[in-house]
Each structure stands twice: as C-alpha cells, then as structure tokens.
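Chemist: Residue numbers (our numbering), protein chains in the order written: chain A, 26 to 818; chain B, -9 to 295.
Hints may be right or wrong, so weigh each one.
FRET-style restraints, in silico, Cβ to Cβ [as the list claims (entries may be wrong)]: (1) B:Gly97 / A:Asn515: 28 to 36 Å; (2) B:Ile277 / A:Asn515: 32 to 40 Å; (3) B:Asp124 / A:Arg665: 52 to 60 Å.
Simulated pairs of lysine-lysine, DSS-like, Cα-Cα distance not exceeding 30 Å [to be verified]: (4) A:Lys426 / A:Lys99; (5) A:Lys354 / B:Lys283; (6) A:Lys53 / A:Lys97; (7) A:Lys817 / A:Lys237; (8) B:Lys154 / A:Lys444; (9) B:Lys141 / A:Lys354; (10) A:Lys265 / A:Lys754; (11) B:Lys80 / A:Lys354; (12) A:Lys652 / A:Lys597; (13) B:Lys291 / A:Lys354.
If you're looking for bench data, these hints aren't it; they were derived computationally from the structure. Glycine included, each C-beta is placed from N, C-alpha and C at the ideal position.
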Amino acid sequence: MKITVIVYFLILSISLSINHLHAQQAEKSTVSGYVKDSKNGEKLIGVNVYIKGTTIGTTTNEYGFYSLTLAKGKYELIASYIGYLSVNKELDLSTNTKIDFEIAEQDIQLQEVVVKAEAEDQNVKNIEMSTNKLDIKAIQKIPAFLGEVDVIRSIQLLPGVATVGEGATGFNVRGGAIDQNLVLLDEAPVYNSAHLFGFFSVFNPDAVKDVKLIKGGIPAQYGGRLSSLLDVRMKEGNSKRFAIQGGIGAIFSRVAIEAPIIKDKASFIIAARRSYIDVLAKPFLSGDFKNAQFYFYDLTAKVNYTINPKNTVFISGYFGRDVFGSGFKFNWGNATSTIRWNHLFSDRLFMNLTAFYSNYDYLLGFGGTTANDATSSQFDWTSNIINYSVKPDFTYFLNAKNTIKFGAQSIYYDFRPGKAIITSGNNRSDISLPPKYSLETGFYIDNEQKIGDKLTIQYGMRYSIFNYLGKGEAYEFSQELPNVRRSVTNTTTYGSFESIKQYGNFEPRFSMNLELNATTSLKASYNRMAQYIHLVSNTAASTPLDVWTPSTNNIKPQLADQFALGLFKNFKDNTFETSVEIYYKDLQNQLDFIDNSDLLLNRYLEGDLLQGIGRAYGAEFYVKKNKGKLTGFVSYTLSRTERQVSGLNNNDWFPNRFDRPHNLNMSVSYEFNDYWSASANFVLQSGTPVTFPTSRVQVQDYTIPYNIEATRNNFRVPTYHRLDFAVTKINKKKRPNQRWESNWVFSIYNAYNRRNPFTIYFRRNQTEPLNTEAVRLAIIGSIVPAVSYNFKF
Amino acid sequence: MKINRVIIYFIFFLPLFWSCEDVINVNLNNSVPILTIDAFISQEIAKQTIRVSTTAPYFQNQATPPVSGAVVTVTNISDGKVFIFNDKGKGNYEYVSPNNTSIGRVGNSYLLSVRYNGEEYTSRCTSTRTTAIDSIVYEFEEVPESNTNAKTGYYAEFYGFDVKGAVDFYWGRGYKNGVFNSNPNDVNYIADATRNFAPGVQGSDGLPFINPVRNRMTNSLDPYQVGDSAVIELWSINEATYEFLRQVESQMNNGGLFARIPENVRTNINARNANSKVLGWFCVSEISRRGLKIKQVEKGKKGKG
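Okay, chain B solo, but in the shape it has when bound (with noise of 0.2 Å):
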C-alpha cells in the first residue's frame, strides 16, 4: 500500500514540480561608477543621515563605494532655515539639531543640495502627513524545514486607519531588535489602505489596512523570536515615492514565469549639468511609530501590544 501510494505520488504529483531554479555565473558588461544619494530624511527630532555612494558592478558583494568630501544641505523652503549634513565617513552625512527642534512640520518644502567634483545634485520634496499605528498583534507559526521562504518564528502584522480625505501614501517599514528588514518581498507601499493605487479611484480612503499591507512587517526569513523587539513605522511619502518604491520592489522581485521586462529605477534628484548622471532618491517624512517585545504565546493565540 506505501509502495504503491509513493508511485502514484512520482507519476502524478512530481510534474507540478518540474521547474526548477538554479544560481549560475553570468559575465555582465561593464560597470560605470554612478553618483547615488540615499536621501530618506524625517522631521522627527532625531539623528537624520544622507547616505552618498556610488553604483558598483552588480556582483561586487558589498555595500556600494561611499563617497567622502560633499558638500550636503538641506533647506526648508517654507521658512528658509538650512541644514547641513556632515561627513560621518562610509559616505555617511548626518545632522543632529544642536537644539532638539524638527526641520519642520508637515507640509514644509525642502530643497536638497549634494555639491561633489565642482558639480552640484539638487531635490525638492513636500512632506505629507502619516497616521497612528493602533496595534500590533503577532503570533507563533511553525513552517516546515523544507520551506526555503520562510522560517518558524513570531509572525507580527500591524492595524491603523488610513486618514479621510486626499489620497495618502505611506511607507511601512519594520523593523527587528531596531534592523530595518529590507527583504525585497516586504517593500510595504501604501496607497490609502491598500497597495493599489489607481489614479483618479479612492476606493480605500479611510479605511483599515488590508492584508497585505497589515502583513508586511515581518521577514519571513528571520520572524521574530521571543525576546526580540518588534517595530513599525509609517513614514509618510508622496505619489512620487510610491511609484519610485513600487519600481525599486519589481526590479528585485522580478523571478518567474511572469517577470516583467527589466527597467531603470527613475530618481528625483537632478543634476544641474545636465551631462552628469545622478541616481537615488529625496524624501522628507513624518513618522509614526509603534513597537512591543515579543513574549512567549501558545501557538494558536496571539499577543497584542
């Protein structure tokens, strides 16, 4: 009777299984190194970092080459006050307010300004508001050992309303024991409730997150352990980061049957030389923020914080 059930399992199942993946080496052209600033700031009174590099060819297997000795600002255009952003080394360009007081609130203007090699990189940005985090609700999963995509661990997912009226865009970001979790398969842009945002439709304003925005939270391949802090900010963005984050997720998730044609990440930072390439990206927000320790729960019932 086994015999015979392992037999019909090769005939009949094994064909769903017949693709299959493999990593191999691939000789790609030439690389030219290209300016990339990393300009994801808040108005949050906290430490804000501008990150500068440059573009390294795909396989080299570290952080991209930093860049030292720009010259980094940041104006707030609706009252004029400017910030300067200064070399950290790694190409790191920190500002810590010497008086614990925001850039400003939302709705202020800001104009980015990278000056490098006699050439100077602008960026103007509107920061838009965000919404309060409610909860988080997590609980245990026991995935298979066999699941290359995902391990056993506290499962966390987050609620909170979206905020009536015009359209918003947020970010979700979460985080373990304060690492960011960059899993491409997490990239967590939000249009009002949803991750659809279709142009002239609001069809989700005000409403809870759905799944699987609420989801997008935890890495499933390092979940969350008992004893690990878990937490979730909502940055606010505009349509432009959201199109821009929503690009960045298809060119690293872009496997399978049904990949899409491989394109460019777009930027919104200028070059004023209109002969120099510039990548990255320029955004102020708002942040909100919720987050718990992860406690020992019985599997089937959740914790809440």
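Chain A extracted, bound-state conformation (with noise of 0.2 Å):
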C-alpha cells in the first residue's frame, strides 16, 4: 500500500518536471493538435503525421492526439490514414503550435482516382507486431452469423486466435486460456464478452469505432493478462449532426442515436440492441415454457465534452444482461462505467486519467413459486466480480524520435463468489461464501524510439503489485498427494484491508523494428506478463458461472514469457499486405484441477486447485488483399499449446482442450458495383481434443466410462470446416445528397450443411439400459440462413 502512494507521488512529480523542462529546448518548437474525421467529428486513432519527404512523425494516440517536435522552420505536414483522403497543411514553425486535421473518408467512388495514402504501408513501417486492427467497416464485410455483425467472432478469423467451437464463450489467443485477454471497453474490463454464451458478443457494432487485438508485444502500459489485449473503442458520437443508425436482423435489433450538444464541443452516442426470439415465439409455447423467458440485451452510451483545448472529458457505459428461465431463473451481465479526462499539461505531454468501475454478476434460482407454503422450496445464488480502478497515463512527446509513456494504475477488486440462500418451507438459510478483496497496481514506463531512419525499438518496464487483502480467512492446506483434495489445516483471519499475502513482478517489454526496405520490415518482441485473477473453470467451453478468483496465498500468479518474431512485407504498391510471425510462449502456474473438483460454493476451493506450467508455439501466415474490387484476407496457423500439471495425464503433457494445430481461415468480399457485393468466409481447422473412455465399470447397476490409460485429451473430433456466404445490396438512393442510407444483407452460415462436432460424449442408451453409445453434438447441425436490414441516416 505505501509503496503504491510513494510511486503515485513520484509519478506526479515527474510529470510537473518535465513540463518544467521543455522551456529550456529553445531552438526547437512543437506542433501538436488533433485528427478527426471530417464527416462526423469522430477522433482518430492511429493517424499517421508526418513532415512531407521525410519519415519524420508520428501517430496519434488512442485519443486522437499527436505531437512533434521539430527545430524551427517551414515544413509541409501531412496527415495521412487508411480509408481517408490525406491532407496536406504548410506549416510555419516558429513557435510551438496547434493544427488540428479533419481528413474526409474516401467514398467507394472516388476510391479509383484518389493519390496513394501514404499510410497504407503502415503494417511495415509501425513497431507494432502480432497486433492486428480491425475497423468496424472491415468487420462489417465479413460474413456474419444471422447476418449480425460481430467483433469478437470476426477476431477469431484472425492468426492465432482460436476457440473451443461455436457456442463456446471467449478466445483463445496463441495458445492462452480465455481469461488470459484484458478484454477493454473504453478502458473498462469486460469480464463476460460474450451474449448467448458466445454466440454474439456484448460489443454494439453501432457504437464501436475501433478494435484493436495485440497477441505479441504487448506494451508496458497494458498488464494484467498473459496473452492478449482487445482494446475496443467506442465511438464519441457525432459532433457535427444528428444521426442515427441501426438495422433489424433475424435475432435482434439495434438502434444508435449520436448528435451534438454543442457543435464541435460535446456530443453523445447512445446504441441499443434486444434480441425478441421469445416476443415472436410466445404464441408457439405452451405447457411448462409457456412463461419461458429467452433474451438478451444490451445499452451502450457515452457523451464527450471538450472543454477548451486543453481539457476534454469522457463519459462512457455499458448495460448487458442476457436472461433465460421457464421454472427457473438464470441471468447474467455486465455493466462498466468510465470517466475519463484528457489533459494538456503542454503542447507535448498529453495526460488520459480514467476512472472505472465494472461489475460482473450472475443470479441461478430454482423453485419459488408458491410462497409460504410449507411444501415450497427455493434456491437463490449470485455472484459478483466488482472492481474500482484509478489510471493516470501520460504520453511525452520528447522529441520526433522519442515517445515517453509512463502512468500507474490501480485497480481495487471484489469478488463475491456466492451469495446462497435455501428456503424450505420457513425455514431459511445461508450458505454464501464471504467476499474476498484485493488490489492490483502497476507501474509502467516506455519509451519508443528511432534510431536512424531504419530502425525503431520500444522498450518499457512494468512493475505490479498485487495484495490479497482481509477482510477475510486465509487458508493453510495439507500437503497430499497431487490431484487429490486438500484439507484445511489452519485458518487465519485478517482485518479490513490487512495484507494477507504479497506478489510483485518486473515485467519487461521490448519491441522492435527494422525496415530492410521500402516495403519490407523485420520485428521482434518479447514481454512477460503477470496475471493475478483467474477465472475458475473446469468445463470445456467455460460458463457464465464459473467464477473469478484472486491470487492467495495458495493461488500464485501466472506468469508469462512470450517471444515473437516477424517478417511484414507488402508487394504491388501495398495492394498486397504479407506477413509470417513465429512465437513461443512459456506459461507458469496454470490453473488446473483435481479429478471431481467443485468450484462453485466451495469456501475452500484453494483445496481443488492444481498449478502446472504450460508452453504455446506456433508460426501465422497473412496475407491480405487492401485494394481493388476483390478485397480479403487469408490466415494461416501452425501451432500447438500444452501444459503440464502434476497429477494429472500420468504427469505427462498434454494438449490443453482449445489446442488447434491447423487452422485455416479465409475471408472475401467483392464489389459487383455500387449496389452490390457479395463476400465468403471459409474455415478449415483441426478439430479440438477429448478424453475418451476405454472401457466400462458397472457398479450398482451404473455403467460408468473409465479410461485404463489415463490420458487425458487423447483423441481429437473430426475437423472443423465451414463455408459462409453473404451478399449485401446497398439501397439506391433517390437523390444524390440524400441522407437516408439503408441496405440489406443475406446470409447464409454453414452452407454445406455439415455438422461440426463440438464434442463427443459417451452416455448410457435411454432405452436399453446396459447399451452405451457415442453422441456427436454439433451445435450448428444445419444451414443457418438470415436476412438483415440496415439504416443510417
């Protein structure tokens, strides 16, 4: 805690300092502002700025800001980014100086005789590597199941990105379990990302404007999960107009609404979408689901106001919740809440102080109907992960060839693993877990430099801190054999706020690249990453009531060390974008479990955990097509992730249950005309392991699969391969200014009709009591067509 506020303090003064400093560079000046889009006051991420002839520049940050420094003189700097039409300003530096661009999209017909943007060779020339950026138009011409477009299964296209099968909720990045991504709306943790378990993600497509997915590399100021970020941004909302936008789907309908408060100062976005599957079905339900309750929903909303140019706040939130019951209740969601403000202390430090508060909760309850009746019983569970976070980060523009980030950020967690309450008659009683606390913090400076005109290199430092905290009882365990269970032996209690056990971690960071030509790069990176929660899950596709878990005095923190490497070359005036990267990853203290654990209620769950270690490698192939009427991408992955936990598999290694070898993705779109234009998905990828029995034991009349091996993950389900098609008509619009902009979209998802297997399990045959069978269960057993309608005005 002390060291915490001590670090806090310094990085306060440091920043007041260097503001000090840069009065003294006195042959030098700074220009510094904002890019937006032009249409709709949107701010961009990622915008290259640059002095013409040169590769002196920058980019923006996630905030639309950017800053060079420069010795005096007269220059031509251009602001350039891809989809938009670059723009050019002369720029007289003699003092420091502000110029904000606003760059117009490059509409579909005028694409053929616009100047080449510079910035489409931005994969070669940035010092990103294993990142891949998806804007929302790009995600929005991707096949899409129902025809509902969708961030998170667009990511799994992606190299390296993987899951356990459809339904199945999260991904699986280079080999990582799904809580291994720091999952951010808005700077917010998103703890469940998927509606409907995974079929749908809780992002609005409406209301998102950038996602951003780093497997490799990943940056200081990130931390806090082993394998990936998704950092999805929302939208500001229009600046210039009122506007709105939506579309009405085979599952659901949305609606976004953005418009000004004060022109070009605040605006707000407020998205809505509700699934109505059990609107339409009500009439066809009857006997006992004729109260059954199946839907989702979700809000999205923020509002922005910039102050004066050197002050701009955000305010951002989300409201999911997705609901199923018929005799029972089971319902879960997410809500987040950021506040942010962007200051200038200068023309070159640029400060984002972000305050957030998320929550994730599930209810289950069973019974209840009839009350005070003696015969009457009833289950009621919740569960809750709460967290409260402070993030000061700065961004230094020291000079055009250093870029200082540095900040801190703390995050105050809550777990509340059960709330249970058993009525039975009058009788009432409590089996709720107590809550357990902790606090997070890290502490972080990078630095991205150039050296010479061919190489960059990023390197940074995260420190982290973690606290298990009282109130609460910590456990001590008795040392039994592995993969049994442990007992308590000693019990401990802690007060409020008093440590009851300490991690801290160096985690360096270190990226680099080197242009081997114009259009030819080599990066390397490497990063260890800490993570401190766990989500606790021993099923094969998680669920939405496994629990998270802080790291105790039995749980220890996993730890990751993660080598990449990558060659990006881009061919035939960057129509062509390539890459291969190869990584390797060691992983520590991986959450494992002891044969017929129980997770949920379980005050000493510690008892039922196993830790192992755990390595992933593999090689990404992408090549991606920017330009021209056939447009797409093709991804190609060759890996393989394991783990080892004593115990467990003989205390051999194994494959972990998300492991895909191959996997094959492709995704195209081509434009007939204006109007129309169809696009195709088609994946192909190894299928995921299982555990298979070899033989019976029959004991008391159950038959019950056992494996004489002892292997686990033993045999794989066929191959998955899928093939989808989607063709959109874009509405003709009957005057050539008109506003109202509508299309359609047909789908078709599966169109060959096969039948993945998600998983195959063995069970006793209803009829025939000592017959035993083998059952395929593919969740997407048919061609799943849709049609969608989309507006914008």
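Please assemble the complex out of the two chains, which come individually in their own frames, going by the hints.
Modeler: Set out below in structure tokens:
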C-alpha cells in the first residue's frame, strides 16, 4: 500500500518536472493537435502525421492527439490514414503551434482516382507486431452468423486466434486460456464478453469505433493478463449533426443515436440492442415453457465534452444482460462505467486519467413459485466480481525520435463468489461464501525510439504488485498427493485491508522494427506478463457460472514470457500485405483442477486447484488484399498449446482443450458495383482434443466410462470446416445528397450443412440400460440463413 | 395468416434449435480388464450382495464379465464378527444371516476383504445414520410424445427431514416394482437437505429435503403407472461415498456445451500389491424405506402415502 502511494507521488512529480523541462529547448518548437473525421467529428486513432518527403513523424494516440517537436522552420505536414484522403498543411514553425486536422473518408466512387495514401504501408512501418486492427467497416464486410456483425466472432478469423467451438464463450490467443485476454471497453475490463453463451459479443457494432487485438509485444502500458489485449474503443458521438443508425435482423434489432450537444464541443451516442426470439415465439410456447424467458439486451452510451483545447472529458457506460428462465431463473450481465479526462499539460505532455467501475454478476435460482407454502422450496444464488480503478497515463512527445509513455493503474477487486440462500418451507438458510478482496497496482515507463531511418525500438518496464487483502480468512492446506483434495489445516482471520499475501513482478517489454527496404521489415518482440486473477472453470467451454478468483496465499500468479519474430512485406504498391510471425510462449502457474473438483460455492476452493506449466508455440501466416474490387485475407496458423500438471495425465504434457494445430481462415469480399457486393468465409481447423474412455465399470447398475490409460485429451474430434456467404445490396439513393442510406444483407452460415462436432461424449442408451453409445454434439447442425436490414440517417 | 405464422416460426424460432445430437461410431483404444468390487451393503436383516466383476470394453453392451472363485469377507471391526459372502454365480457373492441378526449397527466399522488370484483387496468403512421418510406424494403428468427425455405417467416425490447435527450424507434410491432407478439423471446424493455440499458450511442442517432432492425418485423415461409399487430408500453414506456418487454422476452425464473434462472415477478399495489395479466401492449403510402402490388420481390432484 505504502509503495503505491510513493510511486503515485513520484509519477506526479516527474510529470510536473517534465513540464518544467521543455521551456529550456530554445531552437525547437512543437506542433500538436487532434485529427478528426470531417464527417462526424470522431477523433481518429493511429493516424500518421509526418513531414512530407521524410520519415519524421508520429501517430495519433488513443484519443486522436499527436505532437511533434522539430527544429524551427517551414514544413509541409501530412495527416494520412487508411481509407481516408490525406490532408497536407503548410507549417511555419517558429513558436509552438496547434494544428488540428479534419480528414475525409474516401468514397467508394472516389477510390480509384485517389492519390495513394502513404499510410497504407503502416503494417510495415509501424513498430507494432502481432497486432490486428479491425475497423468496424472491415468487420461489417465479413459474412456474419445470422447476418449480425460481431467483433469477437470476427477476430476469431485472425491468425493465432482459436476457440473451443461454436457457442463457446471467449477466444484463445496463441494458446492462452480465455481468461488470459484483457478485454477493454473504453479502458474498463469486461469479464464476460458473450451474449447467448458465445454466439454474439457484448459489443454493439453501431457504437464501436476501433478494435485492436495485441497478441504479442504488448506495451508496458498494459498488464494483468497473459495472452492478449483486446482494446475496443467506442465512438464519441457525432459532433456535427444528428445521426441515427440501426438494423433489423433475424435475432435482434439495434439502434444507435448520436448527436452534438454543443456543436464541435460536446456530443453523445446511445446505442441499444435487444433480441426478440422470445416475443415472436410466445404464441408457440405451451405447457412448461409457457412462461419461458430467453432474451438479451444491451445499452451502450457515451458523452464527451471538449471544455477547452487542453481539456476533454468522456463519460461512457455499458450495461447488458442475458436472461433465461422457465421454472428457473438464470441471468448474467456486465456493467461498466468509465470517466476519462484528457488533459494537455503542454503541447508535448498528454495525460489521460481514467476512473472506472466494472461489475459482472449472475443469478441462478430455482423454485419459489408458491409463497409460504410449507412444501415450497427455493434456492437463489448470486455472484459478482466488482472492481474500481484509477489509471493515469501520460504520453510525453520528447522529440521526433522519442515518445515516452508512463503511468500507473490501481484496481481494487471485490470478489463475491456466491451469495446463496436456501428456503425450504419456513426455514431459511444461508450458505453464502465470504467476499474476497484484493488490490492490483502497476507502474510503467516505456519509450519508443527511432534510431536512424531504419530502426525503431520500444522498450519498457512494468512493475506490478498484488495484495490479497482482508477482511477475510486465509486457509492453509495439507500437502496431499497431487490430484487429491487437500484439506484445511489452519485458518487465520485478517482484518479489513490487512494484507494476507503480496506478490510483485517486474515485467520487461521490448519490441523492434528494422526496415529492410521500403516494403519490408523485420520485427521482434519479447514480453513478460503477470496475471493475478483467474477464471476458475473445469468445463470444456466456460459457463456464465464460472467464478473469478484472486491470487491468494495458495494460488500463485500466472506468468508468461513470450518471444515473437515477424517478417512483414507489402507487394504491388501496398495492394497485398503479407506477414509471417513465429512465437514461443512459456507459461507458469497455469490453473487446473483435481478430479471431481467442486468449484461452485466451495469455501475451500483452493484445496481443489492445481497449478502447472504450459507452453505454446506456432507460426502465423497472413496475406491481405487491400485494394480493388476483390479484397480480403487468408490466415493460416500452425501451432501447439500444451500443459503439464503433476497429478494429471500421468504427469506428462497434454494438449489444451483449445489446441488446434492447423487453423486456416479465408475471408473475401467482392464489389460488383456501387450497389451489390458479395462476401464469403471459409474456415478449416483441426478438431479439438477430447478424452475418450476405453472401458466400462459397473457399480450398482451404473455403467461408468473409464480410461485405463488415464490420459487426458487422447483423441480429437473430426476436423472443423465451414463456408459462409453473404450478399449485400445497398439501396439506391433517390437524390444524390440524400442522407438516408440503407442496405439489405442476405447471409448463409454453414452453407454446405456440415455438422461440425463441438464434442463427442458417451452415454447410456435411453431404452437399453446396458447399452452405451457415442454422441456427436454439433452446436450448428444445419444451414442457417438470415436476412437483415440496416439503415443510417 | 396461418402460412405467415409458419414462416415466422421458421425464420425466427428455428435458430434456437440449430444444435443437434446424433449417435456415431467411434473406435476406442484397447481395454484391459480391471477387477471391480461393487460392495454397497447394509445393516438390514436381509440378503447382502457384493458383486465382483472386471471392466470391459466400453461398447461391450452387456453386464461386465463376472469373476468367480474370489473369497469375499466383511469383518465388523467393532465386535470382531466375520461374515463370509458365498459365490452364487454371475459375480454375485451373498451373505444371509443364519439367525436373523444384523451385521452391525450405526457407528460400527467394517473391513472388506476380497482375495482373488493370489491378491488381496481391502477397504474400510464406518456406517453412519440415516433419517426417516415421512411421506411419498405423486401426481399424474402428461408429457408430449415429442419429448424424448420424459414420458407420461405418475411422478412421485418424497418428504422427510435431515437429522439435526453433524453433516449427514444420504443416497436416495427410487424403485419401481422392485427395480432400482439407475437413470444417470437421477443419481440422488444428498448432503443434509440439498445436493450442494460446501465443506465448512452447514447451511441446510435439519431442513426438509428440498428440490431437486425430493423429486429424484421417478425415472422420467419410465414413470410409475397405476398399480406400480413405488419405493424410496434413504441409505446413509459417508462423505467419501457422497463424493464418489457425485463423480459417478458427472462421468455418466457429461454431454452438452458445458461438459466437464472426463476423468476416472475414484475407488476406496486398495490392493495389497501396489501394482495390482482395482476399482469399485465399499460402503455399509443404514437404510430407511417407504413405499406405496400408485392409485389412479385425477389430473391436478395428488396421491399420498
């Protein structure tokens, strides 16, 4: 706790002294400002701002801000961004100058006559590797399940990303578990990114501006998860005029409204979705399902206010829920709210201060239909993970060669693993588990430095401290044989905010980009990551009931070291982007479970956990075509992810449940003319590993499957492959400057009707008790056609 | 109008049922037989049976191969009496008290010994208390033909209270016309009054059994019909047996989107020679029982006994 306070103080004094420092550099001046979309005033992330004819330049940060410090003189400054027209501005730099850019999106009609935008080779020039950016327009081109554009489903097509199967929550990046992804919505973590298990994600595409997935070379700014960062940025809201967009689809409808509050200064966006299968199905439901509920909804809202050129404030929030019920209640959802303050201490020192609150909770209940009846019984169970965080981040644009980032983050966690009440007649009993508390703090400093014209390096260090705090009980467990439940030997009670256990980790980060020639670069990175909170799940696909648990005196933090090397090359005037990357990831303290573990409502959960080591490695190949009527990408990943846990699989290495050695994804789209376009996806993946029995054991008329080899994941389900199509028809405008735009999307998912098995399991035959059978479960067992209508005004 | 409805049904509702399950052929790895001792016995004055068999290939659709020629004994350690179980064929080893006495009473400890092929296998168990069943209530339920998981018939529930005090574990076993309901969906392990045993928490101590404990008596694939005998037994078990039944259940019912990673069920039987493998379970229970004959009851009304 003390260290935290000291370091925060240090950061504050550094930032103040930096401020003081640059008054002394007399021969140089700074040009800075924001880059926005001219149509709606949205600030643009990652725009290249550079001096014409040189390699001197910078890119805008997450808030659209750039700053360049140069020797005094005359320059021509260019802002360029993929899909936008570049804008040049004359600059006579004698004192610190503010230049804001407003750049316009390229029209489809204009696309062929446009001068080439130099930003197209960003993938080669940028230091980022193992990173995929998807702007929402690219996501919209991919044929989607039920015609509904989805962020998470789209990133599952990227190299290095896999899942356990359709309908499974979350995604696995470079052989990491689903809890190893830091999923941020406007800087606030989202603990369960899935609606309807995993078919849709919580991100409303109408409110999303930018999506970035970082699989390796993760900058020091981010920490807390081992495998990836999914950074989802919401739109700020149109600051120029009122706009509305939405869609009507087969499963849900959505609408987003955005408008200026004060023109060019303040605006808002509010977006909502709700599924309506339940409403439409109502007339067809009978008997037990008469009162069945099954729907989900979400609401996303954001307001921003530019108080003055130095200060901007953002407030954003998300609230969503999935509700199921039919004689039982089962619902879950996330709520996040974020307040951010962008402040310019000077033209070169940018600060973003974030404060957020995030809550994931679920409720499961049975019974309780007849009140006060002596025979009635009821069971209600709720669980939460709540966190509060403060996060100051500074960007210091030292000079044209160095950009320094530093900052800190503290997160206070409040885990409520289960509040459970049993009511039986007039008796009421409480089997709730006590909450657990912890504080995670990280400090970082990181510099991106250009050395000569060819080499860029980024180096940084993050130090993270984790405190498992009271009030609560800490348990000590006996040392049993591995894979046997350990029993409690000692219990110690701690008071509020008393530290039960503390962990600290240095997390070095490094990446480099060496330009071999104008179209080729070699990139390398190393990062160490520490993860202090864990999703405890012993099922093949994570369920909404899974609980998060902090590192404790018994659960050690997970650690990962990742090395990656990549070659990036563009061909034919940046028409084709290609990359090859290889990576190796070494994982420590991976969570696993004893046989017959009981993870829910178990006070002594730690006694059922095991920790082991993991390794993941692979090669990723990526080809993307950016220009022309035919665009799209092909990605292929050859990989392996395994773990070794003493007590499991005869102590040998075994493949993780999400291990898919071969993973091929193709996504193409073709524009026939201004109104018609078509797209297709093809996915081919190795089947996931499963454990098959060899034998049957008979006890008390039960026939129980048994594997005499005691091996885990000893078989694979058959190869997964699937083809999807979509055709989009953009409706003709009646007048050329008509604001109403609309389109129809016709899609077919699983076009050749393959029953891809999610899993194969074994059961007793329902009519012949002595007979057993293998059952293939396909989550999508048929062609799924869909139509949706989208509009924009 | 009607056609429109059908179309709406197809477009909007069908998608919920994209998923499908079908039975397929799978080639499994070779199985090697492992001796299995199924020794759930009771302190009732009745014939006690222990079955000795071996494991078989998973898809060998018949009772597992019986083992004959084993020497099976149970010793009541508390009073030193030894009970010899005689080989009656089909792997069944039986003991019938010659003078209508029980093998022991609640709190007694027992030792199981099975000698076979020069090896000895042993296990220990202490019997615990059970509780009384107050009543059985049943009612008629109509289930549509389309439902593959349940049939039309009489569904019975039982009522009773957990014994106050220490955590009690029970195994609720339903019978129809004397046949044990072995449907994997109805494995009814009970800790105090619920199915949820949280170590260190005794939330439901002394409460009446709550659902889904109460209704795990009727096999939904073969519910009771008029004239059937419906019996529920509550066997006292210990914590290890409770955990064993929980594991048996999860290994038999391991399908769906949220299936657990399959694992091997444990055993509480030890081989004297550490290299010999053995499976199975030993438990001595106290049994309480209640039964009735199902009578015709109007729909919506309840029968009781």
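Chemist: Return the numbers of the hints above that this structure violates; sort them in rising order.
Modeler: The structure conflicts with hints 5 and 11, although it agrees with all the remaining ones.
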